[in-house]
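Protein chains in written order, with the working numbering: chain A, 1 to 688; chain B, 1 to 170.
By construction, these hints were calculated from the structure, which means they are not laboratory data.
We put the CB at the ideal spot given by N, CA and C, even for glycine.
One should not assume that every hint holds.
[Stated by the list, open to error] Footprint (simulated), chain A over chain B, 3 or more residues, beta carbon under 8 angstroms:
(1) 45 to 57
(2) 67 to 73
(3) 109 to 123
Okay, here's what each chain looks like letter by letter:
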Amino acid sequence: MTIDITQFHETFFEESFEGLDIMESGLLNLDIGAADNDTVNSIFRAAHSIKGGSATFGFSEVAEFTHGMETLLDEMRDGSRDVTQGSVDTLLQSVDCLREMLAASRDKTPIDTERAAVVKGELEEILASGNNNAETNSVKKPETADTPEACGNRAGWQIKFKPHHDMLRTGNDPVRMFRELAELGELAVEVNISQLPILDDLDPEESYLSWALTLKSNVEIEKVKEIFEWVEDECDFEITEIEVDAPHANEVGKRGGITSKAEVTPVTAAKPAGSKATVNTDSASIRVSIDKVDALINMVGELVITQSMIGQLDCDFDDFDISRMEKLRDGLTLLERNTRELQESVMRIRMLPISFAFNRFPRMVHDLCQKLDKKIELKTTGEQTELDKTVMEKIGDPLVHLVRNSIDHGIEIPEDRLKAGKPEFGTIELNAFHKGGNIIIEIKDDGAGFNKERIKAKAIEKELIGSDEILSDEKIYDLLFQPGFSTAEQLSDVSGRGVGMDVVRRNIRELGGNIDVTSEEGIGTTFTIRLPLTLAILDGQLVCVGDEIYITPLVSIVESLQIKQEFVNNIAGQTELYKVRDDYIPIVRMHDMFGINIKRKGLEGGLLVVVEGDGKKAGLLVDELLGQQQVVIKSLETNYKRVDGVSGATILGDGTVALILDVDGLIDLSRNPPTSSSTPENSVRDVA
Amino acid sequence: MSTAQYVDTNTSVDVMTDTDQYLTFILAGEEYGVDILRVQEIKGWDSVTPIPNTPNYIKGVINLRGTIVPIIDLRHRFSLDEIPYGATTVVIVLKVTGENGNRIMGIVVDAVSDVYNVAAEEMKPPPDFGAISIDYVKGLATVEEKMVIVLEIDKLLNSGVMDTSEALPQ
Numbered sequence: 001m002t003i004d005i006t007q008f009h010e011t012f013f014e015e016s017f018e019g020l021d022i023m024e025s026g027l028l029n030l031d032i033g034a035a036d037n038d039t040v041n042s043i044f045r046a047a048h049s050i051k052g053g054s055a056t057f058g059f060s061e062v063a064e065f066t067h068g069m070e071t072l073l074d075e076m077r078d079g080s081r082d083v084t085q086g087s088v089d090t091l092l093q094s095v096d097c098l099r100e101m102l103a104a105s106r107d108k109t110p111i112d113t114e115r116a117a118v119v120k121g122e123l124e125e126i127l128a129s130g131n132n133n134a135e136t137n138s139v140k141k142p143e144t145a146d147t148p149e150a151c152g153n154r155a156g157w158q159i160k161f162k163p164h165h166d167m168l169r170t171g172n173d174p175v176r177m178f179r180e181l182a183e184l185g186e187l188a189v190e191v192n193i194s195q196l197p198i199l200d201d202l203d204p205e206e207s208y209l210s211w212a213l214t215l216k217s218n219v220e221i222e223k224v225k226e227i228f229e230w231v232e233d234e235c236d237f238e239i240t241e242i243e244v245d246a247p248h249a250n251e252v253g254k255r256g257g258i259t260s261k262a263e264v265t266p267v268t269a270a271k272p273a274g275s276k277a278t279v280n281t282d283s284a285s286i287r288v289s290i291d292k293v294d295a296l297i298n299m300v301g302e303l304v305i306t307q308s309m310i311g312q313l314d315c316d317f318d319d320f321d322i323s324r325m326e327k328l329r330d331g332l333t334l335l336e337r338n339t340r341e342l343q344e345s346v347m348r349i350r351m352l353p354i355s356f357a358f359n360r361f362p363r364m365v366h367d368l369c370q371k372l373d374k375k376i377e378l379k380t381t382g383e384q385t386e387l388d389k390t391v392m393e394k395i396g397d398p399l400v401h402l403v404r405n406s407i408d409h410g411i412e413i414p415e416d417r418l419k420a421g422k423p424e425f426g427t428i429e430l431n432a433f434h435k436g437g438n439i440i441i442e443i444k445d446d447g448a449g450f451n452k453e454r455i456k457a458k459a460i461e462k463e464l465i466g467s468d469e470i471l472s473d474e475k476i477y478d479l480l481f482q483p484g485f486s487t488a489e490q491l492s493d494v495s496g497r498g499v500g501m502d503v504v505r506r507n508i509r510e511l512g513g514n515i516d517v518t519s520e521e522g523i524g525t526t527f528t529i530r531l532p533l534t535l536a537i538l539d540g541q542l543v544c545v546g547d548e549i550y551i552t553p554l555v556s557i558v559e560s561l562q563i564k565q566e567f568v569n570n571i572a573g574q575t576e577l578y579k580v581r582d583d584y585i586p587i588v589r590m591h592d593m594f595g596i597n598i599k600r601k602g603l604e605g606g607l608l609v610v611v612e613g614d615g616k617k618a619g620l621l622v623d624e625l626l627g628q629q630q631v632v633i634k635s636l637e638t639n640y641k642r643v644d645g646v647s648g649a650t651i652l653g654d655g656t657v658a659l660i661l662d663v664d665g666l667i668d669l670s671r672n673p674p675t676s677s678s679t680p681e682n683s684v685r686d687v688a
Numbered sequence: 001m002s003t004a005q006y007v008d009t010n011t012s013v014d015v016m017t018d019t020d021q022y023l024t025f026i027l028a029g030e031e032y033g034v035d036i037l038r039v040q041e042i043k044g045w046d047s048v049t050p051i052p053n054t055p056n057y058i059k060g061v062i063n064l065r066g067t068i069v070p071i072i073d074l075r076h077r078f079s080l081d082e083i084p085y086g087a088t089t090v091v092i093v094l095k096v097t098g099e100n101g102n103r104i105m106g107i108v109v110d111a112v113s114d115v116y117n118v119a120a121e122e123m124k125p126p127p128d129f130g131a132i133s134i135d136y137v138k139g140l141a142t143v144e145e146k147m148v149i150v151l152e153i154d155k156l157l158n159s160g161v162m163d164t165s166e167a168l169p170q
């Protein structure tokens with residue numbers, strides 16, 4: 001009976017990576033010198049599970065590597081070894097290394113054995129040196145060192161297997177045993193049929209065959225023997241080891257020069273392919289807490305009850321009286337509530353606590369502090385705030401960038417801090433919380449803050465602004481997000497290459513969010529990221545243009561106003577500007593843009609929806625505002641293609657499709673009117 | 001709104017080898033055929049939501065049970081005269097294979113006609129005529145003395161619909 005254990009691999013990897021996270025955070029929390037026993041225990045347990053799991057699933061390199069870590073942790077646990085900064089750092093490195101090894105095993109790419117060997121060497125060094133008694137060391141060390149050596153020059157096993165005549169009668173099946181052997185390595189089977197009688201004399205219950213098996217694998221002899229354990233007494237059985245003869249191997253190599261080369265290439269070629277595969281595996285599955293699933297099941301139960309309640313009413317329409325009408329209305333109200341709750345529950349399945357994104361920061365702060373000789377304390381609040389999985393995946397990198405910036409440029413070195421009368425330890429705060437249908441993530445540091453004059457000087461130097469321009473604070477900070485803008489006086493390898501802040505903002509914008517900065521020189525800087533709760537649903541304002549209904553994302557609407565002719569100005573008789581308080585904003589005539597016929601001539605009677613996108617404002621001229629509603633975003637690209645000025649579509653209550661406006665795209669479109677009006681003619685011509 | 005689904009083909013097809021079934025439809029008096037295995041469903045004409053700045057043969061998009069499906073007017077596509085949509089006007093929803101995988105699209109035609117079995121050898125290559133590019137025609141079949149133009153829907157619906165923007169010089 002063999003079970004295909006590969007089906008459990010995914011779970012194993014998932015759990016192992018979780019284990020690694022536990023180890024990492026545990027190690028970071030360890031107080032050097034006086035380690036908390038619980039923490040060490042939890043780290044040990046995680047290492048132990050990974051070791052056990054990897055051994056079970058046949059990832060022997062991983063198991064072997066983890067064994068070293070486990071030994072060290074075990075010593076820390078029973079108190080025979082002190083927790084030192086050195087050993088913690090080595091363990092952290094081992095965690096990284098182990099993570100790579102596991103990832104490589106998962107993606108079926110070759111494991112970077114060199115790096116593993118280096119880290120393992122360090123681990124063993126610590127084990128060997130240590131303040132514990134030398135005996136345990138000397139016992140353990142050879143054990144770990146021995147195995148790989150022994151494995152190194154063993155090419156496999158030569159097995160002679162001759163069952164006795166009656167072996168089959170005891171229910172033993174050689175085929176099954178060979179199959180098991182084949183799982184241990186490459187198996188070559190030669191059968192000897194010389195004993196086989198002619199068909200008439202053949203007794204199907206007797207065994208006449210004998211085999212010579214060659215197993216190319218460096219497994220232990222015990223494992224091979226184990227397979228034959230049951231038939232030991234019923235066969236002639238002999239195992240010999242095939243030694244790898246170094247010169248002989250060379251000879252083979254020479255003769256088959258091409259073959260061995262060919263063997264090498266796939267290994268190197270496999271690497272990039274493997275890294276591609278990683279991208280895919282990342283978002284393949286999602287872990288959902290049982291509470292959420294239970295809530296969902298409850299909700300569906302409610303829905304079924306409501307449905308049957310309404311169903312009972314519907315059965316007889318002939319004598320429909322007002323009391324039933326009442327009940328029907330109640331039922332529909334219930335249905336509406338159920339549907340909404342169901343929708344929310346389903347959405348919640350995609351939500352993950354933001355701690356998934358925050359978790360990597362303690363380690364990053366730890367590493368960077370060491371590198372930069374800074375002392376920083378990281379505080380996080382609101383780790384349980386939930387965020388859509390897709391948003392989470394995309395917000396990770398921008399967050400890393402911002403935190404890295406804060407560490408590198410924000411927080412000063414301890415001496416400077418003390419001079420400035422601040423505590424020696426700098427603080428970086430990561431806060432996440434809900435605010436009006438949005439998620440707010442704050443990255444706050446108590447570092448040096450931005451020097452507005454320097455930003456301005458830099459901008460003038462880079463010719464982003466004129467030298468005599470007067471800028472509001474907001475505008476100055478906005479400069480930080482311009483491509484190629486960095487105020488760092490010297491570049492470090494941590495950050496400050498000037499790529500980044502613009503990318504950060506672009507990434508956040510792509511998610512439908514926004515980022516703001518406030519800073520006070522000498523006191524600190526706060527970056528505030530505002531993100532939508534989910535990408536699948538959008539708060540929209542329904543607007544009417546001619547007979548068409550469009551949806552404008554509520555987040556991009558600044559205000560809506562009735563057009564008054566006296567506020568309309570023209571530039572060169574073409575671009576229309578509308579005066580909104582102190583601002584002149586261009587008017588985008590939606591019907592012209594989208595080629596819709598409308599009855600109304602001119603601007604009179606129209607409504608102007610002032611929208612902001614990509615830092616620019618524009619007024620969309622529409623006929624009517626209908627209402628606000630949450631809409632489910634559907635992609636146009638699934639079955640069609642991207643359309644300029646439209647970010648997607650949705651289905652309205654009456655089943656018709658309405659397009660969702662892409663405000664940024666529309667503003668761009670209004671500046672460079674579509675040249676694609678020639679498209680129809682062109683493509684028809686190639687048909688006609 | 002009548003909806004007919006042709007998911008599985010008839011078992012009788014198995015008897016004859018190399019025979020394909022085609023759903024035919026009428027467009028300006030001519031009969032055109034599409035591979036029946038590509039037909040997802042046939043539905044009556046209903047209003048669509050126009051998409052701005054697209055070629056005029058793209059009527060717009062409809063909601064097909066939660067999926068947004070673009071609708072193409074084949075009369076426009078073939079530069080035929082426009083006629084008002086009537087009771088027989090139908091939308092044939094097709095599965096189209098393109099470079100980026102499968103898409104669902106609908107075509108508006110005057111009326112559906114019939115389902116024919118056409119053996120591969122009965123199909124004649126299209127002559128180089130002017131009306132529509134031969135790229136979009138798989139072949140001509142004769143069924144009951146009538147000519148049926150069998151369309152290459154992948155090419156027809158992908159070209160001009162999917163890649164105009166790419167094909168056009170900026």
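Verification of the hints:
no. : hint       : verdict
1   : 45 to 57   : holds (count 11)
2   : 67 to 73   : holds (count 4)
3   : 109 to 123 : violated (count 0)
The earlier numbered hint that this structure contradicts is number 3, and it is the only one.
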